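Residue numbers (my numbering), protein chains in the order written: chain A, 1 to 157; chain B, 158 to 347.
Simulated from the structure, these hints should not be mistaken for laboratory data.
Owing to the predicted nature of the structure, the values given are computational and were not obtained by experimental measurement.
In this text, a Cβ means the ideal position worked out from N, Cα and C, and glycines have one as well.
Take the hints with a grain of salt, since some may be wrong.
[Claimed, not checked] Which residues of chain A face chain B? A few of them, derived with a C-beta cut under 8 Å, are:
{"no.": "1", "residue": "L58"}
{"no.": "2", "residue": "Q113"}
{"no.": "3", "residue": "L149"}
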Amino acid sequence: MLSRRERGREGGRAARPGVLAFVIGGRPRALSLGLVAGVAEIGAVTRVPAADPCNLGLIVHRGAVLPLVDLGRRLGGGAASADGAVEAIGAEGPIGAIAAGPPAFCIITRSRQAIAFPVEAVLGLQALPANGGTAASPWEILDPLIVDLARDQDPAH
Amino acid sequence: MTDTRQAVERCALLAVDGVEYAVEAAWVRRSLPAPSPLPAAILHGGTTYQLVDLRQLFGLPAGSAAPRQAGGAPGPGPERLIVLIDRPPGAAAPAPAPELAPAAAGAVHRIALVIDDLLGLEPLATGAAVPLPGVYRGPERRWFHGVLPRADGRITVLLRPEGLAPAAEPSPGPEGVAPAAAPSPGGAAC
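So here's chain A without its partners, still in its complex pose:
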């Protein structure tokens, strides 16, 4: 069995994992690893009343209160739903559980004002295409959306 280092040598110029891929709204999306703090199971959600329906509520993660934001709705794909997610997943297949009901997992962003967003499936760490461009990427890269959300969250903004 090859060690990680040996695999790296063997792969030569093989790209390192650059994104965490997941499914939202039945479509493959991804976020650069630098913006990902972790993946967590969604526990109890406190549904704090909010004018913005994208705000699903609050969760507690490692003692911190995080907003749970429906990125699917923000992306214009309707409310969060797990139905039909599997068909949209590429050949790699999911490595996270696919919920039969509402999403069971969320991704937590790495930013000063972190947010959590539910996903229908976690596809795992993926390498960006060699050209590094998003045009050829099989996933929709959500970095700009997350950066905007983090900026919106910042009280100084």
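Following the hints, position chain B against chain A.
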């Protein structure tokens, strides 16, 4: 070294749509069964309390049977309750929060909150409360002081009574004003 001295306040815990809310107990005068249909105001002890149905204010369905959240507050029971809220005697008027519109900042402070259930009184370490995350940018910023993560993983939302009151004074006179009904079996909230 962590400073363990945190502000602890005695709070009344309320439930609306399965979410637990807290309001400083000093603001709570008493609890009553909610009459049906709901009047515009409640007359109690010669004082008029303008009615604020929290389900309506929060945009929640009037009678949805919200499932009980894990460790959370129950949904609406067969009978809803009213808690009469008034600024405690001798308490200074709170400085208006930056989120409060000028009209809301000058709003009435005697309100009758219609809630699903009254969960009890509890000392809460309100000093450990955190503000609402920045993605909450709507009227909820004037409804809530913040949120309090609890040791058991649940979250209690801290109500800001002055932010719940309508900006307009209740219309004087008996029209639409119902005298307070008999107190609930549990008696006064405090």
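Hint by hint, here is what the structure shows:
For A:L58, the suggested interface contact is upheld, since its CB lies about 5 Å from the closest CB of chain B, less than 8 Å. The restraint placing A:Q113 at the interface with chain B holds, with a minimum CB-CB distance near 6 Å, inside the 8 Å limit. With a least beta-carbon distance of about 7 Å to chain B, the hint placing A:L149 at the interface is held under the 8 Å criterion.
When each numbered hint is compared with the structure, no violation occurs for any of them.
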